[in-house]
Amino acid sequence: MFKGLAQTVYELSGKNPYLCFQCGICSSSCPMIKDMDIPPHQVIRMIQLDVQEVLNCKTIWVCASCNTCTARCPRDVDPARIINVLRTIMQRKNVYPLDLRKVKGLDEFPQIALISASRKLTG
Amino acid sequence: MVDSVRIGVYVCHCGGNISNVVNISEVINAIRNVEGVVIVRDNEHVCSEAGQREIQEDIKRLNLNRVVIAACSPKFHGPTFMKLIEESGLNPYLFEMVNIREQDSWVHSNDPKGATIKAIDQIMAAIAKVKFNEPLQPKEVKIGNRVLVIGGGISGIQTALDLADSGCKVYLVEREPMIGGRMAQLSYTFPTDDCSLCILSPKMAAVYNHPNITLLTYSEVEDVSGSVGDFHVKVKVKPRYVDMDKCVACGICASKCPASAPDEFNYGLRTRRAIYVPHEMAVPYKYLIDSKSCLYFLKGICRVCERVCPQKAVNFNDSERILDLVVDAIVVATGYDPFDATKLKQYGYGVYKNVIIAPQLERMVMPVGPTGGKVVRLSDGQLAKKIAFIHCVGSRDEQIGRPGCSRVCCMYSIKQAMTLKRQDVTRDVHLFYIDIRAYGKGFEEYYSRAQDLGVKFIRGKVSEVIEDPVTNKLIVRAEDTLTGRFIEDEFDLVVLSVGLVPSHGSEDLAKKLKLNIGPDGFFLEAHPKYRPVDTLREGVFICGCAQGPKDIADSVAQASAAAGRVLRLISQGKILVEPIKAYVLGDLCNGCGICIDKCPLGAISMVDGKAIISDALCVGCGSCIPYCPQSAIELRHYTEKQILSQIEAALKSKSEGEIRVIAFFDDSCTYRAADLAGTSRLIYDDRVRVISVPSASRLTPRIILSAFKYGADGVFIGDCLPGASPYHPKVLDVINDVIRDVRIQMRKFRIDARRLKFDTIAVDMAERLVKDLEDLISIIERLGPLKVEERIRIKV
Chain A
1 MFKGLAQTVY ELSGKNPYLC FQCGICSSSC PMIKDMDIPP HQVIRMIQLD VQEVLNCKTI
61 WVCASCNTCT ARCPRDVDPA RIINVLRTIM QRKNVYPLDL RKVKGLDEFP QIALISASRK
121 LTG
Chain B
1 MVDSVRIGVY VCHCGGNISN VVNISEVINA IRNVEGVVIV RDNEHVCSEA GQREIQEDIK
61 RLNLNRVVIA ACSPKFHGPT FMKLIEESGL NPYLFEMVNI REQDSWVHSN DPKGATIKAI
121 DQIMAAIAKV KFNEPLQPKE VKIGNRVLVI GGGISGIQTA LDLADSGCKV YLVEREPMIG
181 GRMAQLSYTF PTDDCSLCIL SPKMAAVYNH PNITLLTYSE VEDVSGSVGD FHVKVKVKPR
241 YVDMDKCVAC GICASKCPAS APDEFNYGLR TRRAIYVPHE MAVPYKYLID SKSCLYFLKG
301 ICRVCERVCP QKAVNFNDSE RILDLVVDAI VVATGYDPFD ATKLKQYGYG VYKNVIIAPQ
361 LERMVMPVGP TGGKVVRLSD GQLAKKIAFI HCVGSRDEQI GRPGCSRVCC MYSIKQAMTL
421 KRQDVTRDVH LFYIDIRAYG KGFEEYYSRA QDLGVKFIRG KVSEVIEDPV TNKLIVRAED
481 TLTGRFIEDE FDLVVLSVGL VPSHGSEDLA KKLKLNIGPD GFFLEAHPKY RPVDTLREGV
541 FICGCAQGPK DIADSVAQAS AAAGRVLRLI SQGKILVEPI KAYVLGDLCN GCGICIDKCP
601 LGAISMVDGK AIISDALCVG CGSCIPYCPQ SAIELRHYTE KQILSQIEAA LKSKSEGEIR
661 VIAFFDDSCT YRAADLAGTS RLIYDDRVRV ISVPSASRLT PRIILSAFKY GADGVFIGDC
721 LPGASPYHPK VLDVINDVIR DVRIQMRKFR IDARRLKFDT IAVDMAERLV KDLEDLISII
781 ERLGPLKVEE RIRIKV
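So the sequence lines, in the order shown, correspond to chains A and B.
Under the numbering used here, the first residue of the first sequence is numbered 1, with each subsequent residue one higher.
Under the numbering used here, the first residue of the second sequence is numbered 1, with each subsequent residue one higher.
Hint data in this document are derived by calculation from the structure and do not stem from the laboratory.
Computed from a predicted model, the values in this text were never measured in an experiment.
Be careful, since some hints might not be right.
[Stated by the list, open to error] In silico lysine to aspartate or glutamate, EDC-like type, Cα no more than 16 Å apart, as pairs:
no., chain 1, residue 1, chain 2, residue 2
1, B, K292, B, E264
2, B, K142, B, D230
3, A, K34, B, D230
4, A, K34, B, D480
5, B, K234, B, E220
6, B, K574, B, E538
For reference, chain B alone in the conformation it holds in the complex (with noise of 0.2 Å):
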């Protein structure tokens, strides 16, 4: 390939952009004659369309097969020229842009000689990289509209009837035996105390009777394989006992059925048969048996139900059934579960029987609830008198590992407090809260509503609840830390307002479908602004609660969102994937396996002892590159190679006695924040010659140690934030193992390791960008230019 590489070498002058600065003939002069290069023009403005003519003309009189544009950053007009190469018939990826504006002529220009030194220096990079550049087709994957929605609360509704109303072929599956979910269980909603079940309800009832939903209850999804377009779902339907067609929810059976369990709908406030409807409002309407209670189950007996029922529909020979589905999209909807206060022992719960959990006193309020809508003491049945709400229980405590806010509990516990003083006025109702967060649209009126109730505010943590064993009274002790007065008083009821922990199963479910967990064990969006319902798995979505604790405005808005985000993949028909992934030499491939673990995304698998990359999971980032002893994994576009020649090239100038700094920015944070340091005209030290790479995660030890060996004088990694790298948030733990490892062997070659500078840089960080470089430089400039003696030590 290098043998007939005709290269097109194409200078921008930008109106004096770039010209003002930089000596365009000197440039010109410099790349002439290299080797490769066929032909070298400037021009006023490469962008203007005889400027792009002019590049098409010269591809097909000269028959160029690569081309190199120096203007500005190709996150300007990278898109513009990608796409003139593909019009001129070249692929658009034998193609390098060398930015000599925004990393050049804007950021040196008090000192033109050495800007028109850099910008020659960026072109024979980029000269010497475009030679070794391939080919690379974008892989087209039609899409069709077809979607899986996971799970039947009030997210996977909102979501599931968006996408049917659209069009869209949904199966929404629900493991509980009927939908609804959490939102179901709740009495009112914050802050319009609209009863929760009467603005569900028909919301439930659109789901059932959709033609474009397939409604999948008591149902799990077993297995994911596949990707977007094309993923292959096993569906466990389990079994129900009754049948659901020949069901008319007449309640004979349950009438009879002798075996109770306690009600999961209603916290165990009360019991159900083991023949039973999940509650009054479920949807689907219809009886199942619970084959953990049933005595038939437990003892094989009785079969009662089954003589009773008038339409014949128990059917004890019912099994588990296997459905095969195939999707295009899917939509995780997984929810959340209460936190469990067992955990925390200082307030008793499950030991005082007057301590509930909040959901379980929005099930009490509820007039066809567990207490006929009378709030309780459990002890005894009595009308409790005096409540306490104990906030942030499972909430902001690095104790419990659970350090954020639940977001939902501040208002839910305002809005059971006022219910409270409404049905009895007398009552005394204390909320112990450490900070009241009413942030949402009508939230702080409704706060205020509260205190106008004569709610107590008591801003203290509870820091225990002991029980009058003969009163069954509960004493709850707590520091009002307005006045700094100590707090001791009785209560009849005690109630816990306990934070959103990610539903059971969450993390199980994210194996099958190789999406990522955060540290607080909610599902990751792509990206914490711009992608929120995004995950990095192509075709796969997120929203609600299993994104992160919210309420249910907020869910259904992400709801909605989801099924935009997925229309907008269904609508297009197909899409394209970006070709630049990794990939495994096989020759060198040993087989250790290595990669498998490092890879954040779960693309790497063993194939007959050989590690093959998965193209459809492969974002790209290049993390597992540096892990391979074996050397055996390359990145498509920025191969070893590529970045190697392209460093050697930007040293070829150095000439003893002067200072090299080559600075790797990552594509996404630390090159725009390069680039805003020009459009701010911040000015640096011109001796930084800089190479992008999609993350910095990519760049191995022997990279680093070679910019030393080749001439530089130091080396500077720029990465994205924690956790703001496009990629994954893990590509930062493995740049640190990679500049440790390379720091280690520094030392061991005798070359200071603080010529080596990493530093995170969000892209509004141009400042701190530009001094991380100057501080280099001052430091090498202490220490001197790495003497040939020295760099001949450099093994790599």
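Here chain A stands alone, though its shape is the one from the complex (with noise of 0.2 Å):
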């Protein structure tokens, strides 16, 4: 139906991202914005214009995935599950950011922490 990330991120999320009318409620909503490089509808923006180096961006992996835009999208396009799907693209080409056993100070962590961590950052 479309073409390069778009159609990637449309087969693997279910998700149309050109849907978004760019409103940026997602953005404002998102808790992790101050950490973010680039704010979560101008991700859904890139993909849609097809460029790839949104991939690169830190974004992704700061997102908390607390699915605050999702509920709030007036267009229902789920930009948290867009942003997952990005992260797996990402992990499929086996680009991980963390690798856990290069961290140290495990022990203190929470270990519900750890899991999710684990589970959305490393392979």
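Each chain sits in its own coordinate frame; assemble them with the hints.
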């Protein structure tokens, strides 16, 4: 149906990134926005324009998957799911932002945080 | 009937348009000896005066009682010939027209032989059908000039005035105690900045004083029965407890009344007494008692108003009255309600005092309003210096099921922002928008004036509003999507630019009037482009915000349009109701009642255990027919027998190994698209035989499967695009149901389901239609023709 990144995102998420009309409520709702290099609505925009660099942004790894954006998105685009898909695309290329073996002081982490971080950030 | 049919068949050359491709003499030879055919003639131009005279003479001389004309599209000369036949003393429905130009010679000019065979087949089909045609009489209904207008807002007022000025007798019913509707509550109007009541008051007064208008305020439509020219309407007049004739609106009663209630007119921004007049400019300017807050009705005490009234106008014994009206037409102008912003918890409306909705701000800026024209923080009454508007609250949002744009919010927000700036230019006004829709005449200029005044526009939807519990200031969070910068700012007042939703009670009224409601909850027009103020129910019209969100100018335009449509109906004095309607075969009906819910018009009811279809309500789509387990419903002029015999005759010439496709075209969209393919001289396969039906929803599984049984190797079905059917949007669901059922049966009979193709076609989609037909043929060529043993498996 689509081409390039948008098609991959559509296949993996079942969500159509072109439905986004750039209202920005995802970005203003996001609790992690201050640590992101690109706000979520621009991530979606870059997918629409097939800008591959979006895969290398920090945002997709900073996203906490809290789903606030998804709950509020007026077009049902589901940004949280789409960002998760971008992570999946990178993970399939064996790109992981975190090597647990190199992290020090693992014992002090809450277990549940460790598990969810491992799920999201490692293979 | 069949034994005594005497058919005349006329084949047109169309000055070579047909005869250059189709071999006319071959056609004539093929049909000359068909049973029932008395005469076959060809003519250079059947539509010419000589051609028409020939037919007329034949009808008289040869005692013809059926006529078939094979010429151009019935969309072109159909009405000409129907008129001719009627003038010859024959019922015009005893006539069939065969399209051998747009759907034959023009589209198969590459293959004269195939085109000739197709012409013969199509004429044979028409002959087979016409044998069963019955004379039909359009019903004549007398139309007087009594009109009911429901809703006394600007739309209802405009319609009522237009009609009354034209001499109609108008009943204007309004459920509130005064007319004026939402427009009366507005401060100023964009893009001219007129004061709303200043331009509305003269119209309200005109309604009140018009000799042709009976104004029924504080009244509601209880029940509607009957049909165009004879609607019987019950109107409930609620008790006001104040005699309208005696009350002089001196206001002494209200000054003594001890009970109070929130003032609805000011959206609860102040209170009013239990005996009150809705506002300073109300029409009629008469007091009434609100029984929900009056102490006498609540506790049985007080009655002070009764004692102080110098006119003795208060009457606690007043009671509800029911009026019975008989009207010829009805106009629905029920308007809108503001979206209930409490549904969006993140903006805190109803929780934080300083979050208000835009209609409340409209009241605030009025000098006579609840705050004396000052825009203040409701928490402490301090003037609001820094104000944020949040656009699209209750519009363009799938999460709350309101995906549409409300069309007026951008402009009224800009208007309010400018009003605020004009009051105090040092005010800081921010508009948080998604897109600014300044589409109307003078709107963009108005928008730029606001920018010029220093109103700040921020492109980004606000995610949430949080109140500082100490200062009651509001923290607004948004993203400026143009810079990607996160904004968190403090405001004195947050205004929610709420969207427009259907007026409460619309659904209920739709049921009473048997009208349809669209997915957005507004009343549905008969056609989105050509019939914007008509409904599918003859004699009932809609206008203004009842049909969908619109501004005052558009509402007035539609209101006058509705008045024009009513006058068009009335000026004829009578109307002819199309006789092609569904009817129930009483002997077969077992009273299961399935059809009742299936009729999108609510035209079917149960009488003595049998279904009855109301001719006044039925539009003739045939949607009920496929659902009847007893096959007890028929459509006049398109009966099962007629269609089956058409199919059989159209496939008669087929010999073993040949391929044939039966194409069912709906009469309003696909058939016209096929005509367009002809006028555009597109070329497609000539092995298609066309059968036109009013709507494809009339087709039963039996008809479709019979096509295969009788020799078709593929079946194509075309109907209008979603929502475009002139009958009803729901016909598409019916067609899909039928096709699903047929596919299941095809699998059971081990017939490849790809042989059945369905598509939605718009009038201009000739190329798509041609591609569909070509695709189907190529699939069939790959699969090969259906074998005899395969056809035998089909049981219908």
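Tested hints:
1. B:K292 <-> B:E264: holds (13 Å)
2. B:K142 <-> B:D230: Between B:K142 and B:D230 the Cα gap is close to 9 Å, so the pair holds against 16 Å.
3. A:K34 <-> B:D230: violated (68 Å)
4. A:K34 <-> B:D480: holds (14 Å)
5. B:K234 <-> B:E220: Answer holds: B:K234 to B:E220 is near 9 Å, not above 16 Å.
6. B:K574 <-> B:E538: Answer holds: B:K574 to B:E538 is near 13 Å, not above 16 Å.
Hint check: a violation occurs at hint 3 only; the rest are consistent with the structure.
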